[in-house]
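**Q** Chains as they are written, first to last, in our numbering: chain A, 56 to 480; chain B, 71 to 305.
Hints may contain errors.
Said to hold, decoys possible - Looking from chain A toward chain B, a few residues come up when the C-beta cut is under 10 Å (computed): (1) E66; (2) A77; (3) D80; (4) G156; (5) A202; (6) L203; (7) G204; (8) W205; (9) D326; (10) D327; (11) L356; (12) A359; (13) N361; (14) S371; (15) D373; (16) S376.
Said to hold, decoys possible - Using 25 Å as the maximum straight-line C-alpha spacing, the simulated DMTMM-like pairs for lysine to aspartate or glutamate come out as follows: (17) K114/B x E191/B; (18) K90/A x D243/B; (19) K256/B x E66/A; (20) K247/B x D271/A; (21) K274/A x E76/A.
Derived by calculation from the structure, the hints in this document are not laboratory data. Note that this is a predicted model, so its numbers are computed, not measured. Here a beta-carbon is modelled for each residue, glycine too, at the ideal position from N, C-alpha and C.
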Amino acid sequence: MGGTTASQSAERSLALIAGREAWNDESPTRSAVTKVAGVLEAAAFFTAAVLGWTYHLTARNRPNSSVIVLAPIAFSIICLLFSVRQLLLVLIGRDLPFPYGARVVVRSVLALALITSAFAVMPGWASLNTWPIGIALGADAALTSWALGWHLRPARWWPAFIVSPYHLGAVGGLLGAAAFQPTGSVWSTAFPVLIALHLWVVIASLIAYGLNQLNDNEKADRERAYSSAASIEHQKNAHWLHDDLCAQLRLVSIQVQSRSIELEDVAQLLDDLDHQIRLRQLYAIFATETVRVAEIIQPWLRRAQNNGVLIDRVPSLDEVSMIVSTEVGREFSHAVSVLTSNALNAGATRISFDVTQTEHHLSIAITDDAGGLTTPELPVGRALWSLQQDLGQDQLVVTPTATGTKVQANVALTERNHRGAVVAR
Amino acid sequence: MAQLLLVDDASALAELFALAIESKLGHSVAVAVALADVGDALKKIDHLDLAIVDLSFPQEQGTGLDALAEIHLACPSAKLAIITQGDLWVAQVLRDAWELLPIATVISKSAPLAYQLAAIESVVTTGSAPVDPAVQTLLPATRSPYRTLSSFASLVHHGGHAKLWTALLSSNDPSYKEIADISGLKLNTVKNYRAQLLPDLVTHGLDEPTLRQMRDFAIRCRPFLAPYLDVRDCK
Numbered sequence: 056m057g058g059t060t061a062s063q064s065a066e067r068s069l070a071l072i073a074g075r076e077a078w079n080d081e082s083p084t085r086s087a088v089t090k091v092a093g094v095l096e097a098a099a100f101f102t103a104a105v106l107g108w109t110y111h112l113t114a115r116n117r118p119n120s121s122v123i124v125l126a127p128i129a130f131s132i133i134c135l136l137f138s139v140r141q142l143l144l145v146l147i148g149r150d151l152p153f154p155y156g157a158r159v160v161v162r163s164v165l166a167l168a169l170i171t172s173a174f175a176v177m178p179g180w181a182s183l184n185t186w187p188i189g190i191a192l193g194a195d196a197a198l199t200s201w202a203l204g205w206h207l208r209p210a211r212w213w214p215a216f217i218v219s220p221y222h223l224g225a226v227g228g229l230l231g232a233a234a235f236q237p238t239g240s241v242w243s244t245a246f247p248v249l250i251a252l253h254l255w256v257v258i259a260s261l262i263a264y265g266l267n268q269l270n271d272n273e274k275a276d277r278e279r280a281y282s283s284a285a286s287i288e289h290q291k292n293a294h295w296l297h298d299d300l301c302a303q304l305r306l307v308s309i310q311v312q313s314r315s316i317e318l319e320d321v322a323q324l325l326d327d328l329d330h331q332i333r334l335r336q337l338y339a340i341f342a343t344e345t346v347r348v349a350e351i352i353q354p355w356l357r358r359a360q361n362n363g364v365l366i367d368r369v370p371s372l373d374e375v376s377m378i379v380s381t382e383v384g385r386e387f388s389h390a391v392s393v394l395t396s397n398a399l400n401a402g403a404t405r406i407s408f409d410v411t412q413t414e415h416h417l418s419i420a421i422t423d424d425a426g427g428l429t430t431p432e433l434p435v436g437r438a439l440w441s442l443q444q445d446l447g448q449d450q451l452v453v454t455p456t457a458t459g460t461k462v463q464a465n466v467a468l469t470e471r472n473h474r475g476a477v478v479a480r
Numbered sequence: 071m072a073q074l075l076l077v078d079d080a081s082a083l084a085e086l087f088a089l090a091i092e093s094k095l096g097h098s099v100a101v102a103v104a105l106a107d108v109g110d111a112l113k114k115i116d117h118l119d120l121a122i123v124d125l126s127f128p129q130e131q132g133t134g135l136d137a138l139a140e141i142h143l144a145c146p147s148a149k150l151a152i153i154t155q156g157d158l159w160v161a162q163v164l165r166d167a168w169e170l171l172p173i174a175t176v177i178s179k180s181a182p183l184a185y186q187l188a189a190i191e192s193v194v195t196t197g198s199a200p201v202d203p204a205v206q207t208l209l210p211a212t213r214s215p216y217r218t219l220s221s222f223a224s225l226v227h228h229g230g231h232a233k234l235w236t237a238l239l240s241s242n243d244p245s246y247k248e249i250a251d252i253s254g255l256k257l258n259t260v261k262n263y264r265a266q267l268l269p270d271l272v273t274h275g276l277d278e279p280t281l282r283q284m285r286d287f288a289i290r291c292r293p294f295l296a297p298y299l300d301v302r303d304c305k
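Just need the whole structure built from these sequences, with the hints factored in.
**A** As structure tokens, this is what we get:
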């Protein structure tokens, strides 16, 4: 943030108190360093609770005030609350949808209760045992700043704490009390607490710095991986352009130059090339793991259209907006390919495409006007027969219609391809 | 003879297609090969019957949506048609155009020429034509009655929202910190403004969008959002 005014400082503090979940609009980042920071924070709070109980149970002179007796219980509850919540965030990734103001209030109250109970459980120099809270603070600050898009500068935290009004006020009060209490109790009770607070800030700074470095390293690794993947993809594309696309274009060019081909054939060759390019586009989308059914059937709609076939019916976006896993997508694409080619080869002049989805299957049905076909007639070894073997005997349904055939292929949405279909906008 | 305007950045293809329309259908066709040329082209035409607009302009900052909005504003009576490859690259822009503007038809660039010409002639003579089947799968069965040009007014309740959208439009990688820095708003104010807009964004198909998704939406629909950002009194 870099601002220096009091209001900017207050805003910064409130943003940190609100915590990372207040700023996490995106689906949770499951990067390794985020998980490390979350687990570190959870472990730190757990350790603090354990240290608190260890000290409480082993201390020689335990206070007997009822408030002090309840302090370890309150301290452990708060620590475990923070710890379990962080673990759940790491495992599940989502928090309860508290509004911003409520988050600030709840976390402020819990923080105040944590500090009070911590120093009540471990008074005097024993308060240095609360060092794990510094780790938790550093991890929490790092997580929040990443969610905010805020570049951390932990090296400035301790100097800023020393000159902060809170610290100066505490030091002033301490000196004043020491001047009027010659017994030295101030130096044995309040002064250690101040030192413990310094310890928290220093540890928090070190932890935040370390996590920030890890985060930067992970980002750099990710960038390198993206760059490497992009480079491989460019090489593949260049290879494909050279081997397939340019060769095919050259073939058409030579045929035209040698006058060995009719104009209609040139158009057909170019349409074939267009189809190959669109299939290539589809395979590229498969690699993204976010392919929609609409994108899978589109090349085959164009293929049919360019073959002079009239397309009577196609599904709308509402019916084909499902996003499917790559595995389902490839099987579905194969089914659409076989069914469309089958109709075109049979001499269809009109085709309809229908897509339906049930809990267990994603189905494509293609209805044509190219005469009849029944299941027992499927020639062994041909594409339709192979598709039936792939999908299962009952999953390729051939139904004669008045003018032709309706063939429906049901692609399984099983645990094997567990991502299945999800409805997308 | 009808007056047509063809807007497509593939200049050679556009000229050839315009020639085909003129020779086969007998209509007059003006061609604009850049979004910036659309205004000049409109000035040169007395009366526009049909504008045929491509959606993808990869060398420019805008999309065909900008051209469609400009034409619709200048000539509300002109019919609007889209000619597009209709692939994933333009799917969202196509949907926005379809839902927000009175698009008479959508023609696939990969369709046979005769099919394309028949669709154009149908729009000229009857006012509409069936959407090309190859592109139909990218469009919803019905247009949402709630998603209209006027629905963008509810995305700018006050000057603070205008600041938020303006900051999003100028941000490369929006985070709360960056938007706060650009807009001068406080972090929690940015958060509150985003929360206030969430119910209205559902109309535009955005369910709990991130700042990045809001930025993409704002850039895509800039021609419809911008008028509300300009006229509001920003505090």
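**Q** For each hint, tell me whether it holds in the structure or not.
**A** For each hint, the structure was consulted:
no. : hint            : in the structure
1   : E66             : 5 Å, holds
2   : A77             : 7 Å, holds
3   : D80             : 5 Å, holds
4   : G156            : 8 Å, holds
5   : A202            : 8 Å, holds
6   : L203            : 5 Å, holds
7   : G204            : 2 Å, holds
8   : W205            : 5 Å, holds
9   : D326            : 8 Å, holds
10  : D327            : 12 Å, violated
11  : L356            : 5 Å, holds
12  : A359            : 8 Å, holds
13  : N361            : 6 Å, holds
14  : S371            : 4 Å, holds
15  : D373            : 5 Å, holds
16  : S376            : 8 Å, holds
17  : K114/B x E191/B : 23 Å, holds
18  : K90/A x D243/B  : 23 Å, holds
19  : K256/B x E66/A  : 7 Å, holds
20  : K247/B x D271/A : 18 Å, holds
21  : K274/A x E76/A  : 21 Å, holds
The structure fails to meet hint 10 from the earlier list, while all remaining hints are met.
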